[in-house]
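The lines below spell out each chain.
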Amino acid sequence: MIRPILLAALLALPVAAQAADARRDAVIADYAAQARKADPAFAGFSAQRGETLFRAKWTGGDARTPSCTTCHTDNPKAAGQNAKTGRTIEPVAVSVNPKRFVDMAEVEKQFGRDCKNVIGRDCTVVEKGDYVTFMAGQ
Amino acid sequence: MRRLIPLAALLLAASPALAGDDWVPPVKDPLVLKECGSCHMAFQPAFLPARSWNRMMDELSRHFGEDASLPADKAQAIRAYLTANAGDVVTKGRARKYMQWVAPGGTPQRITENPDFERKHRFPDKVWQDPKVVTRSNCPACHRGADQGWYEDD
Numbered sequence: 003m004i005r006p007i008l009l010a011a012l013l014a015l016p017v018a019a020q021a022a023d024a025r026r027d028a029v030i031a032d033y034a035a036q037a038r039k040a041d042p043a044f045a046g047f048s049a050q051r052g053e054t055l056f057r058a059k060w061t062g063g064d065a066r067t068p069s070c071t072t073c074h075t076d077n078p079k080a081a082g083q084n085a086k087t088g089r090t091i092e093p094v095a096v097s098v099n100p101k102r103f104v105d106m107a108e109v110e111k112q113f114g115r116d117c118k119n120v121i122g123r124d125c126t127v128v129e130k131g132d133y134v135t136f137m138a139g140q
Numbered sequence: 044m045r046r047l048i049p050l051a052a053l054l055l056a057a058s059p060a061l062a063g064d065d066w067v068p069p070v071k072d073p074l075v076l077k078e079c080g081s082c083h084m085a086f087q088p089a090f091l092p093a094r095s096w097n098r099m100m101d102e103l104s105r106h107f108g109e110d111a112s113l114p115a116d117k118a119q120a121i122r123a124y125l126t127a128n129a130g131d132v133v134t135k136g137r138a139r140k141y142m143q144w145v146a147p148g149g150t151p152q153r154i155t156e157n158p159d160f161e162r163k164h165r166f167p168d169k170v171w172q173d174p175k176v177v178t179r180s181n182c183p184a185c186h187r188g189a190d191q192g193w194y195e196d197d
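These protein sequence lines are chains A and B, in that order. If you're matching positions, the first sequence starts at 3 in the numbering used here and goes up one per residue. If you're matching positions, the second sequence starts at 44 in the numbering used here and goes up one per residue.
Isolated chain A (complex conformation) (with noise of 0.2 Å):
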């Protein structure tokens, strides 16, 4: 009896909802797993490294778009801007966005568009669980 009601209290009040996510913990477990088959000595996600990543402007990618910053702008907690399309991009601070890096498939989807565009490389697994380490905390 107890769950059901849990349940319905969760459903009625979406904004009290935690940013906390299991799914966000399993994308993270799934990336270090990952991450730890690659490289024993891997020592864990770094939310710096994430930032850095986040903030760094290369030149191997498409010109315009040099940065991740270029359209999720200086500030993860603000909306974004498509820098090619015009299209608002939600936040992607989880404290802002709670519904940001929950699904593994659309998070590789997403990954795999936009680092190409920016560093034009594929990310790799480090700086993808390096990144949401950070977003997490934002």
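It is worth saying that the hints were derived from the structure and are not from the lab. Owing to the predicted nature of the structure, the values given are computational and were not obtained by experimental measurement. One should not assume that every hint holds.
[As the list claims (entries may be wrong)] Pairs of lysine to aspartate or glutamate residues, derived as EDC-like cross-links and limited to a Cα-Cα distance of at most 20 Å, are as follows: (1) B/K117 with A/D27; (2) A/K111 with B/E78; (3) B/K117 with A/E110; (4) B/K77 with A/D27.
With chain A held as given, fit chain B onto it using these hints.
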């Protein structure tokens, strides 16, 4: 949300009669809205003929200079929706005018190159250079009802 639904229903019901000319049927499929609408607006399929959408979906890995590939099952479902609601299939609202300009057998890819679009969008450069606009295909920058298929509010 609740209050919006009757209003939306009313607008939808009234739309073909009110503004047949500046209206096209909006996209209703959640997958199309999500996958086509994440990088740009999910353009209404009525602006292009079915054969254009087939070509678009065939060339998704080279989508206006972008690799927009999708898993085969999603791509197939999106293709089915776009072709079933294409301008030469539904012929509703503005679609009729757009289709008049499409060459028989032609497979145009850019809605913004249709003469009917161009005729209605002759603006000074500074309008196009507004930072909100970015590109001609950013309909919602000016047409606030674009996602619902409304384009009369210029």
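Hint check:
{"no.": "1", "hint": "B/K117 with A/D27", "in the structure": "26 Å, violated"}
{"no.": "2", "hint": "A/K111 with B/E78", "in the structure": "11 Å, holds"}
{"no.": "3", "hint": "B/K117 with A/E110", "in the structure": "16 Å, holds"}
{"no.": "4", "hint": "B/K77 with A/D27", "in the structure": "23 Å, violated"}
Hint compliance for this structure: hints 1, 4 are not met, and every other hint is.
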